[in-house]
Amino acid sequence: MQKCLCLGLLMLCFISSKAQEVQNTFTLSGYIKDAGTGEELLYANVFEKKQNLGSTSNIYGFYSLTLPEGTYEIEFSYLGYQTLFKTVTLDRDVELNVELLPNAQQLTEVIVSDKQEDHSVSEVGMSRLDIPLEEIKKLPALFGEPDLAKTIQTMPGVTSAGEGTASFYVRGGAADQNLILIDEAPIYEVSHLFGIFSVFNADIIKSAELYKGGVPAKYGGRLSSLLEVTTKDGNSKQFKAHGGLSTLLGRLALEVPVVKDKASLLVAGRRSYFDLFMGLSEEDSGDKISFYDLNLKFNYKPSNKDRIFLSAYRGRDLWNFDDDFTMDWGNTTTSFRWNHLFNERLFSNTTLIYSNFDYKLEDKTDVEGFKWEANQRELSFKEDLSFFVHPRLTLHTGYQGIYRIFSPGTITPNSSSSIFKPTTIQKQYALDHGVYLGADHQLSDRLALEYGLRLSYFQNIGKGTVFNYADPSDNINVEILDSTQYGRFENIKTFWNLEPRFSARYRINEEQSLKFSYQRMVQYIHLLSNSTVPIPFNTWAPSSPYLEPQLADQFALGYFRNFSNNQYELSVEAYYKKARDITEFADNAEVFFNEHIATEFRQGDMESYGLEFLLKKTKGRLRGQVSYTLSKAEVSIPTVNQDRAFPANHDRRHNLNLLMTYQLSDHWEFGGTFSYSTGRPITLPTGKYEFDGYIVDYFAPRNSYRLPDFHRMDISFTHRSKKNADRRFQVTKVFGIYNLYNRKNPFTIYTRVKQDEEGNIIGNGQEKEARLIYMFGILPYVSWNFSF
Amino acid sequence: MKKILFFLMIGALVMGCEETIVLDLDQTEPVVVIEGLITNQEVRQFVKVSKTRGFYDEQATSPVEGASVWVRDDQGNEYAFEETQPGYYESVEVFAGVIGRTYFMEVNDGEKRYEASEMMYSVTTVDSLAFRPAEDIDSTDVERNRRLEVLVYLNEPQDEDNYYLAKFFRNGEHLNDDGTTVFYFNDDVLNGNIHDFPLPEYFAEGDLARAELYSISAQAFRFFADLEKALNNDGGLFSGIPANASTNIEGGAIGYFQVSAVEARELVIE
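For the record, the sequence lines run as chains A and B.
Residue 456 in our numbering sits at position 456 of the first sequence, with consecutive numbering throughout.
Residue 1178 in our numbering sits at position 178 of the second sequence, with consecutive numbering throughout.
If you are wondering where the hints come from, they were derived from the structure by calculation, not from laboratory data.
Keep in mind that the hints are not guaranteed to be accurate.
[Claimed, not checked] Covered by chain B, according to a simulated footprint, are these stretches of chain A (three or more residues, beta-carbon under 8 Å):
| no. | region |
| --- | --- |
| 1 | 60 to 72 |
| 2 | 730 to 742 |
[To be verified] Here are some chain B residues the structure puts well away from chain A; computed CB gaps all over 10 Å:
| no. | residue |
| --- | --- |
| 3 | G1066 |
| 4 | E1083 |
| 5 | F1104 |
| 6 | T1125 |
| 7 | R1132 |
| 8 | F1168 |
On a predicted model such as this, the values are computed, not experimentally measured, just so you know.
Here a beta-carbon is modelled for each residue, glycine too, at the ideal position from N, C-alpha and C.
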């Protein structure tokens, strides 16, 4: 019934918009670009005063504006660029590509936001954060390496597990509930070095937007958030190189105009170089730890109506312990996109995506020698159509189909005397479909809506064997009654859901608006991890006869206000999220290499609510933002924690973050950050007992204690050399101090039998002690960056 | 998996630092802990009954005295137990468990009754032990002149699913990494030929090496796995979130009533 009602509303909206079309109209369309680099400008503003109608470019820089017949002065604007006026006579459909010049004083300056000035008030979407990439580079960073994931962790409504981790948790959700896309290809593991760095190379990212809610119908598949990262296309006018060195990393990016204004290539790489030093000290001569990232993007415009993009990414961590034990993991993605304009009003994007995450562990000793490999692969096809029906109505529709292969693990002995035998946990397969219809709909100058419906259909398919367990939740004495064989592509179990999405903006006046959003999100794939921070050795599983899809409904209400000519942006959002069938695991679950992992699944409910405040200053010498979040998230899973509800792993009551930059002079800029948050929930022992000589902790209920509060301040100074202004070769240096007042921020707590500093047991061997691990004390750093 | 977590911890420690802190913990009600072991050896079998203590107490355990303990098997044999030391109950008579039989334990501490049952599975023999100079001489315990590694040889039957607990001793000292390692395993990924498998620590000439292999049930395998997780968790950051070990004891006690066939082999290194 509820589903029918939604469809009905959708229809009604279309009908009402039809009625508005009366006279002869024509469409003005084209691409908006940066005149200097040829990069397309995303979300640039197109406006016509007489009719009071406007539009923005999409994520490919394409805009379309339909107006009644006539002559108009069209205004093209973009923050940080000179506004361009063009006179256009619309007596037929007109194609107009424009290039905007960056503001003179901003040539070496920074673009704060890539949207229109009052976007936070005027946009329909809420709970969306565009991450200020240029700003990130001037903010202090761990080891001097600007990191997108770390900045996301400072946003309202987002928490982290602690410093030195790259995963982020949105509004009480888990790490696997974020859909992370780089050029539309999903990334399954965001961390390098277990989270000290993330996979995002800040030098080549064009835009990054985090959706905590109000996710358009176009996207689905994850419960909590969508992080959409778009990389630069590469300069299509002249050759550019940029790169830099930070404490632990070196990076280089080349932008090559293959055919001027038609084709360009971006190649970028990053590599850690601390392993080069590790070899120098006598002690750890055998240990090597390193990682790298490679990004490649090629884009080609065969005609004004077509654009082709090819993006590829590969990142890998390699750990080698004394040549006896190695582990390596990483993501590999490739996406091929074709933008096509059927006509001025119909924009098409066709995408083919491949994504692979895999890891490998190898013990090279003789008797215990083995190789353990696992991976997660997907191949997907996507077709998205945008139809600019009317200046006040744009329709989006499309389909995405994904073929997924889950390989949870294969063990191969790697010597003839190994005690191991070749063993494979059976692969699982799935087909994942989504069709959607959505609309951006401006009902009046004050009221605008974004609404849509997504139909998701998930097939857990063969080939495979499904065990019929006597009791599927008995993970200890696993008893198999019988099993069923399924052939290739045969349905094992199917699921479908309707996912309504709705956002509304009511503009009170030029400076204020109220927004509301509702979304239902469904997640069909599940990360097999029972830890607080996922590790790169976690694999995924599809929804199956023993695993229901996870489902979440979220409501959010927000008030948005800009002050002093859009210098300040204020937003207050309240949200309530209720999720069901969220995937957890039995106490002490065995999530690694377990053929009967199905018996370890436990699913239950999560409830999360909170209040988020954000104040931003986007202009002037002093810029930055202050955010504060008050939130609570609680999980209740039958049989886990003796059926008692417990705080979600990333539930933090208070979360305060301050990011700021200040232009000290023409050459010096100051950056500072401060973070404070309630400690992360932790499970601690309140007692102990002895069993067969072992002194064992007796634990209190799950997450019933908290780590001490977290707070840290970092500062940085960025210097741009004097001669820079007219020279092509430009250098910036960053000096910074991480953890300025040397706070020992708790990372985690473990216990051990009481020991002295050398690790010898002291006392009667029955006394225990708790040890606090903290990651980074005060850490000064320098980084050096160039571009030409 | 433990190895990975070990390296993870190393990684965390290399990057970070650690220090002892004092936790502000709530008092909790003590819980009864039962540790029972019935083997196929002709001995006085035992059941230990104790209670948990506070985390910061000097002693790990407080014995439960004056409990009544009984064990019987599925053939109708009953064995009475008597308290020989505080909280330590031994069968009045010597007896050997029989492979294939199921044993039932009953403990009554005067307030509550706790029961458990477990079957005795067969165990494979430890064929032999041998020693040789350690290959990786750098990692040996030179200080105490322990430069030899002791190797185990056994053939694991592949026609059935088996679960094992192993214990290794050097001159009677249980080698378990200062009480942090439990050697439990099953044969899911083993090919059956366990040759040249080194014991966990190094030995010196004159040492007595001993290897014991216990057959255990799938449930006991899980218990020992849980026990090791509890001994090695990192606060649930990268390892799973800590939880108390599962048990086969009904009535609200923790611990385990273990029933095992045992095979042992000793070697004097000379």
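Verification of the hints:
1. 60 to 72: violated (count 0)
2. 730 to 742: Check failed, 0 qualifying residues.
3. G1066: holds (19 Å)
4. E1083: Nearest chain A Cβ is 17 Å from B:E1083, so the label holds.
5. F1104: B:F1104 is indeed farther than 10 Å from all Cβ atoms of chain A, at 17 Å.
6. T1125: Since the minimum Cβ distance to chain A is about 17 Å, B:T1125 lies beyond 10 Å and the statement holds.
7. R1132: holds (13 Å)
8. F1168: holds (13 Å)
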